[in-house]
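Make the full structure from the sequences, and use the hints.
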Amino acid sequence: MSKKSYEEQAEVLSRAIDIAVEAFKKFRPKDFTDVHLAHFVSVYEGYKNDILNPNYKFRTLSALADAKNDILIYFQEGSGPDVNFFWKRIAEEKIGYQRVNKMAKILKRKRIANRMEMDFVTDCLVAYRQEGLISDEESIMLDKMIFDFQKKGK
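Numbering-wise (numbering that gives the first Met the number 0), the sequence shown opens with residue 0 and increments by one.
Hints may contain errors.
[Claimed, not checked] DSS-like cross-link-like pairs, simulated, lysine-lysine; straight-line CA separation at most 27 angstroms:
1) 104 / 151
2) 101 / 56
3) 67 / 87
4) 29 / 101
[Said to hold, decoys possible] With beta-carbon atoms standing in for the labels, derived distance ranges:
5) 91 / 3: 18 to 24 angstroms
6) 131 / 86: 17 to 23 angstroms
7) 62 / 138: 32 to 38 angstroms
Derived by calculation from the structure, the hints in this document are not laboratory data. Keep in mind that this is a model prediction, so the values were computed, not measured. We treat Cβ as the ideally placed atom computed from N, Cα and C, and that holds for glycine.
Have a look at this one:
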């Protein structure tokens, strides 16, 4: 199987951006004001323009992978009707992106591997607790992992 070209991957990511904007508009996240919504839509549309019309220096698969990560992070780490709608539409459109449960991987491994994972855990821990996405036992485990990671000084 050959690697997809920049243009092919940019087009797929562009479709995902359209779905993200549709999700924000159809299922406005709770606590989003009109200003928040307009900002999110503007940022995502800016990403779309940048990936479809990149400066030649940024017309690389690596830059596209970074943009994909930035675009999907809200939907990877969030929850709610907008997030559910997004992943349902991604599957319907056969875009091929998968939701990755990073927290489950960290819990299974029983340690935080690097600074990016540390940032993810600290950013999401309270929300995961509030949403009931992790048990009390898992929460205690994560607190210990955070302590152990900080103790190592990575």
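### Task
Of all the hints given earlier, name the ones this structure violates by number, lowest first.
Violated hint (a single one): 2; every other hint is consistent with the structure.
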